[in-house]
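J.: Same order as they appear, the protein sequences are chains P and Y.
When we follow this note's numbering, the leftmost residue of the first sequence carries the number 1, and every step to the right adds one.
When we follow this note's numbering, the leftmost residue of the second sequence carries the number 1, and every step to the right adds one.
Be aware that a few hints might be false.
Chain copies aren't distinguished; within one or between two, either way the pair holds.
As the list claims (entries may be wrong) - Below, computed lysine to aspartate or glutamate pairings styled on DMTMM-like, alpha-carbon distance capped at 20 Å:
{"hint": "1", "residue 1": "Lys74", "residue 2": "Glu353"}
{"hint": "2", "residue 1": "Lys74", "residue 2": "Asp321"}
{"hint": "3", "residue 1": "Lys251", "residue 2": "Asp119"}
{"hint": "4", "residue 1": "Lys74", "residue 2": "Asp85"}
{"hint": "5", "residue 1": "Lys251", "residue 2": "Glu2"}
{"hint": "6", "residue 1": "Lys74", "residue 2": "Asp119"}
{"hint": "7", "residue 1": "Lys251", "residue 2": "Asp235"}
{"hint": "8", "residue 1": "Lys251", "residue 2": "Asp291"}
{"hint": "9", "residue 1": "Lys251", "residue 2": "Asp316"}
{"hint": "10", "residue 1": "Lys74", "residue 2": "Asp178"}
{"hint": "11", "residue 1": "Lys74", "residue 2": "Asp283"}
{"hint": "12", "residue 1": "Lys251", "residue 2": "Glu212"}
{"hint": "13", "residue 1": "Lys74", "residue 2": "Asp142"}
{"hint": "14", "residue 1": "Lys251", "residue 2": "Asp178"}
{"hint": "15", "residue 1": "Lys74", "residue 2": "Glu94"}
{"hint": "16", "residue 1": "Lys251", "residue 2": "Asp206"}
{"hint": "17", "residue 1": "Lys74", "residue 2": "Glu170"}
I should point out that these hints are in silico values taken from the structure, not numbers from a laboratory.
Remember, it's a predicted structure, so these values are computed and weren't measured experimentally.
Number of protein chains: 2
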Amino acid sequence: MEQNIARLRTRLDGMGVSLRPHLKTAKCVEVARRVMTSPAGPATISTLLEAARFAAAGVRDILYAVGIAPSKLKQVLELRAGGADVTVVLDTVEQAQAVALASRQAGTRIPALIEIDCDGHRSGVLPTHRQLLLDIGHALDDGAELRGVITHAGASYSARGAEALRRCAEVERRSVVDAATILREAGLPCPVVSVGSTPTAHHAADLTGVTEVRAGVFVFFDLVMAGIGVCQVEDIAVSVLATVIGHQRDKGWILVDAGWMALSQDRGTRRLAVDQGYGLVCDMAGIPYPDLIVADANQEHGIITVRPGSSGVLPDLAIGDRVRILPNHACATGAQHRAYQVVRGTSDRVEAEWLRFGGWQ
Amino acid sequence: MEQNIARLRTRLDGMGVSLRPHLKTAKCVEVARRVMTSPAGPATISTLLEAARFAAAGVRDILYAVGIAPSKLKQVLELRAGGADVTVVLDTVEQAQAVALASRQAGTRIPALIEIDCDGHRSGVLPTHRQLLLDIGHALDDGAELRGVITHAGASYSARGAEALRRCAEVERRSVVDAATILREAGLPCPVVSVGSTPTAHHAADLTGVTEVRAGVFVFFDLVMAGIGVCQVEDIAVSVLATVIGHQRDKGWILVDAGWMALSQDRGTRRLAVDQGYGLVCDMAGIPYPDLIVADANQEHGIITVRPGSSGVLPDLAIGDRVRILPNHACATGAQHRAYQVVRGTSDRVEAEWLRFGGWQ
Numbered sequence: 001m002e003q004n005i006a007r008l009r010t011r012l013d014g015m016g017v018s019l020r021p022h023l024k025t026a027k028c029v030e031v032a033r034r035v036m037t038s039p040a041g042p043a044t045i046s047t048l049l050e051a052a053r054f055a056a057a058g059v060r061d062i063l064y065a066v067g068i069a070p071s072k073l074k075q076v077l078e079l080r081a082g083g084a085d086v087t088v089v090l091d092t093v094e095q096a097q098a099v100a101l102a103s104r105q106a107g108t109r110i111p112a113l114i115e116i117d118c119d120g121h122r123s124g125v126l127p128t129h130r131q132l133l134l135d136i137g138h139a140l141d142d143g144a145e146l147r148g149v150i151t152h153a154g155a156s157y158s159a160r161g162a163e164a165l166r167r168c169a170e171v172e173r174r175s176v177v178d179a180a181t182i183l184r185e186a187g188l189p190c191p192v193v194s195v196g197s198t199p200t201a202h203h204a205a206d207l208t209g210v211t212e213v214r215a216g217v218f219v220f221f222d223l224v225m226a227g228i229g230v231c232q233v234e235d236i237a238v239s240v241l242a243t244v245i246g247h248q249r250d251k252g253w254i255l256v257d258a259g260w261m262a263l264s265q266d267r268g269t270r271r272l273a274v275d276q277g278y279g280l281v282c283d284m285a286g287i288p289y290p291d292l293i294v295a296d297a298n299q300e301h302g303i304i305t306v307r308p309g310s311s312g313v314l315p316d317l318a319i320g321d322r323v324r325i326l327p328n329h330a331c332a333t334g335a336q337h338r339a340y341q342v343v344r345g346t347s348d349r350v351e352a353e354w355l356r357f358g359g360w361q
Numbered sequence: 001m002e003q004n005i006a007r008l009r010t011r012l013d014g015m016g017v018s019l020r021p022h023l024k025t026a027k028c029v030e031v032a033r034r035v036m037t038s039p040a041g042p043a044t045i046s047t048l049l050e051a052a053r054f055a056a057a058g059v060r061d062i063l064y065a066v067g068i069a070p071s072k073l074k075q076v077l078e079l080r081a082g083g084a085d086v087t088v089v090l091d092t093v094e095q096a097q098a099v100a101l102a103s104r105q106a107g108t109r110i111p112a113l114i115e116i117d118c119d120g121h122r123s124g125v126l127p128t129h130r131q132l133l134l135d136i137g138h139a140l141d142d143g144a145e146l147r148g149v150i151t152h153a154g155a156s157y158s159a160r161g162a163e164a165l166r167r168c169a170e171v172e173r174r175s176v177v178d179a180a181t182i183l184r185e186a187g188l189p190c191p192v193v194s195v196g197s198t199p200t201a202h203h204a205a206d207l208t209g210v211t212e213v214r215a216g217v218f219v220f221f222d223l224v225m226a227g228i229g230v231c232q233v234e235d236i237a238v239s240v241l242a243t244v245i246g247h248q249r250d251k252g253w254i255l256v257d258a259g260w261m262a263l264s265q266d267r268g269t270r271r272l273a274v275d276q277g278y279g280l281v282c283d284m285a286g287i288p289y290p291d292l293i294v295a296d297a298n299q300e301h302g303i304i305t306v307r308p309g310s311s312g313v314l315p316d317l318a319i320g321d322r323v324r325i326l327p328n329h330a331c332a333t334g335a336q337h338r339a340y341q342v343v344r345g346t347s348d349r350v351e352a353e354w355l356r357f358g359g360w361q
């Protein structure tokens with residue numbers, strides 16, 4: 001984890017852009033303190049529960065990067081009154097009007113970023129949709145604070161190879177720079193120009209006009225990130241510890257006590273060149289057994305086999321032996337657990353337990 | 001939920017077989033008390049954390065239905081010393097020897113069921129594997145208590161229609177009855193003959209020789225159970241409440257603040273006749289919008305669309321409107337939440353909050 005953090009920080013320092021890490025991956029104060037550039041942030045979060053927990057831990061500069069619902073503005077105002085500079089995100093005039101109204105009623109200016117749709121992946125205003133951008137900007141300007149624009153290259157998770165990832169990053173950059181230009185030319189403020197995804201953060205060749213980069217999963221990495229070429233398998237800094245509870249020798253199966261409840265049901269490598277099933281199986285030192293994967297998972301049972309079509313050999317694991325399983329998706333697998341057991345390098349001595357949290361309220 | 005519990009209880013009462021509900025679906029003391037036939041059980045659980053939590057709530061007859069690892073026997077002994085009759089499950093001679101050794105060392109007899117593989121789905125000894133059954137039985141008899149046999153028709157989740165489900169149930173029944181006969185003819189005890197899965201529990205035509213039925217998801221049901229014909233969509237007793245946070249009108253998308261973190265990544269209806277995406281969308285009274293599904297899900301965003309190929313119409317939902325989303329898999333979706341908000345019928349008044357728990361320790 002320390003190496004992963006240092007790698008992205010060094011890269012962005014070299015490009016002169018600040019890092020606003022997404023804390024949704026770990027949902028853990030101890031990880032947040034190591035990944036943020038200061039104890040006060042900046043930080044990105046995906047739920048108001050995260051905002052409240054991290055604010056309580058001293059984080060002050062918090063971007064809530066999921067489109068705001070009007071019913072959540074009361075909690076945003078409470079967090080702001082408590083000293084946390086919480087910024088909201090929106091992509092409709094209705095939301096902008098609601099944020100402006102809540103601001104006027106509370107006698108404060110809630111800051112908001114306009115979400116830009118850079119790749120048709122999910123939410124946001126197209127950067128070519130000039131009039132809608134201006135309508136949202138003016139609606140915000142009527143009581144709230146238009147702080148800037150934000151986008152997320154969600155399509156980068158389906159890109160393959162460095163060249164495709166560089167193109168995603170450039171499309172991501174240009175979408176917000178174009179939108180910022182539209183707002184500024186109309187006399188509206190746009191101090192923040194925010195981009196981000198782990199794949200584009202690690203591949204952008206040019207970040208001209210961008211003020212900050214958001215990324216989350218880079219802190220741990222996972223098999224999807226390794227599969228699309230953003231990291232190596234050795235960089236993955238989180239695993240699930242499981243115990244062998246049975247064999248079906250005729251079928252070449254080893255059964256472990258980690259099913260989808262422990263691994264998550266994320267099958268993000270299904271569409272990649274190497275399908276890792278529900279996870280890649282390693283020994284206790286974290287060294288992968290060649291081509292050994294969790295091929296199927298029930299609620300509390302994992303079925304380990306050699307990857308179909310490979311020449312790997314099933315290792316001789318006895319009842320009670322333990323293995324480490326690398327996850328497809330660090331965010332999803334982390335969410336199935338209450339805490340991280342912290343180990344250093346290949347040691348299995350637990351140095352600390354770091355609690356994580358889930359939920360919305 | 002009350003109707004679902006009454007339906008299975010009435011059915012099994014009529015067949016003269018007891019119900020040992022699987023508490024892993026809800027992981028909630030209040031649900032457990034309503035689904036068990038007495039406050040002391042019997043009950044089935046899938047982790048030793050569940051055993052500890054339910055034992056603390058007064059449950060006494062607890063079957064830990066995942067193959068035992070020797071390292072967990074210390075905790076089993078502690079729970080038993082505290083008054084909970086915890087039974088373990090195993091399918092190898094090594095496990096039986098470990099349970100017998102731990103029993104002798106503790107001066108007690110840990111009860112164990114031998115797991116039978118009725119359909120090649122996961123773990124267990126084939127009921128035709130007479131010698132292995134006897135070897136395990138004799139190994140247990142050397143200090144532990146051979147209490148019987150257990151199987152789970154995991155393949156029933158891929159069966160389609162009442163006739164196929166009846167056949168699964170009969171294969172399930174016969175596998176354990178045959179195994180029990182082998183043990184008894186060799187002079188070994190076999191008082192418990194345990195079968196179970198929600199699909200087979202609701203379709204078994206004959207349970208001769210069976211002493212108890214286990215089932216879990218019947219308490220809530222879900223879209224997978226509806227899809228294979230075990231319940232109707234109207235029977236589903238759990239949903240996720242979500243708020244509209246955006247639109248992509250050109251694409252026919254409604255965005256809500258429930259992504260896979262709230263819904264789980266279970267896509268169990270993908271292979272059924274009707275693919276429900278990440279969930280079926282209902283109004284606040286729980287009435288489904290025709291063919292409206294969560295077609296895609298990111299961590300905290302759900303993308304609602306009309307099911308591809310259907311003639312359904314996108315409802316006119318505004319920013320801030322709320323919907324209920326029925327889950328593919330009640331166990332997986334429940335696991336993403338800290339508590340159930342209890343409502344009655346079509347009311348949205350929350351009568352109570354029932355906490356649930358997760359994790360392993």
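J.: Now look at each hint and say whether the structure bears it out.
T.: Here's how the hints hold up against the structure:
Within a single copy, Lys74 and Glu353 get their C-alpha atoms no closer than 34 Å, and across copies no closer than 22 Å, so neither meets the 20 Å cut-off. Taking the closest pair of Cα atoms, Lys74 and Asp321 come within 20 Å of each other only across two copies (17 Å); inside a single copy the shortest separation is 51 Å, beyond that limit. Taking the shortest alpha-carbon separations for Lys251 and Asp119, only the inter-copy value of 13 Å comes in at or below 20 Å, while the best intra-copy value is 44 Å. Taking identical chains as interchangeable, the C-alpha atoms of Lys74 and Asp85 lie at most 20 Å apart only when both belong to the same chain, with a minimum of 14 Å there against 49 Å between chains.
For the identical chains of this complex, Lys251 and Glu2 are neighbours neither inside a copy (40 Å) nor across copies (42 Å), given an alpha-carbon limit of 20 Å. In the homo-oligomer, the alpha carbons of Lys74 and Asp119 never lie at most 20 Å apart, since the shortest distance is 32 Å inside one protomer and 54 Å across protomers. In this assembly of identical chains, the alpha carbons of Lys251 and Asp235 never lie at most 20 Å apart, being 32 Å within a copy and 38 Å across copies at closest. With identical chains, the CA atoms of Lys251 and Asp291 are at most 20 Å apart within one copy only, with a shortest distance of 16 Å there and 41 Å across copies.
For the identical chains of this complex, Lys251 and Asp316 are intra-copy neighbours only, at 14 Å inside a copy versus 52 Å across copies, given an alpha-carbon limit of 20 Å. Proximity of Lys74 to Asp178 under the C-alpha cut-off of 20 Å is found in neither arrangement, the shortest distances being 32 Å within a copy and 63 Å between copies. Within a single copy, Lys74 and Asp283 get their C-alpha atoms no closer than 49 Å, and across copies no closer than 24 Å, so neither meets the 20 Å cut-off. In this assembly of identical chains, the alpha carbons of Lys251 and Glu212 never lie at most 20 Å apart, being 51 Å within a copy and 30 Å across copies at closest.
Proximity of Lys74 to Asp142 under the C-alpha cut-off of 20 Å is restricted to the intra-copy arrangement: shortest distance 18 Å within a copy versus 65 Å between copies. In this assembly of identical chains, Lys251 and Asp178 lie within 20 Å of each other by CA distance neither inside one copy nor across copies; the values are 57 Å within and 23 Å between. Taking CA atoms no more than 20 Å apart as the test, Lys74 paired with Glu94 passes inside one copy only; the shortest distance there is 17 Å, against 59 Å between copies. For the identical chains of this complex, Lys251 and Asp206 are neighbours neither inside a copy (51 Å) nor across copies (31 Å), given an alpha-carbon limit of 20 Å.
Proximity of Lys74 and Glu170 under a CA criterion of 20 Å is satisfied in neither setting, with 37 Å inside one chain copy and 57 Å between copies.
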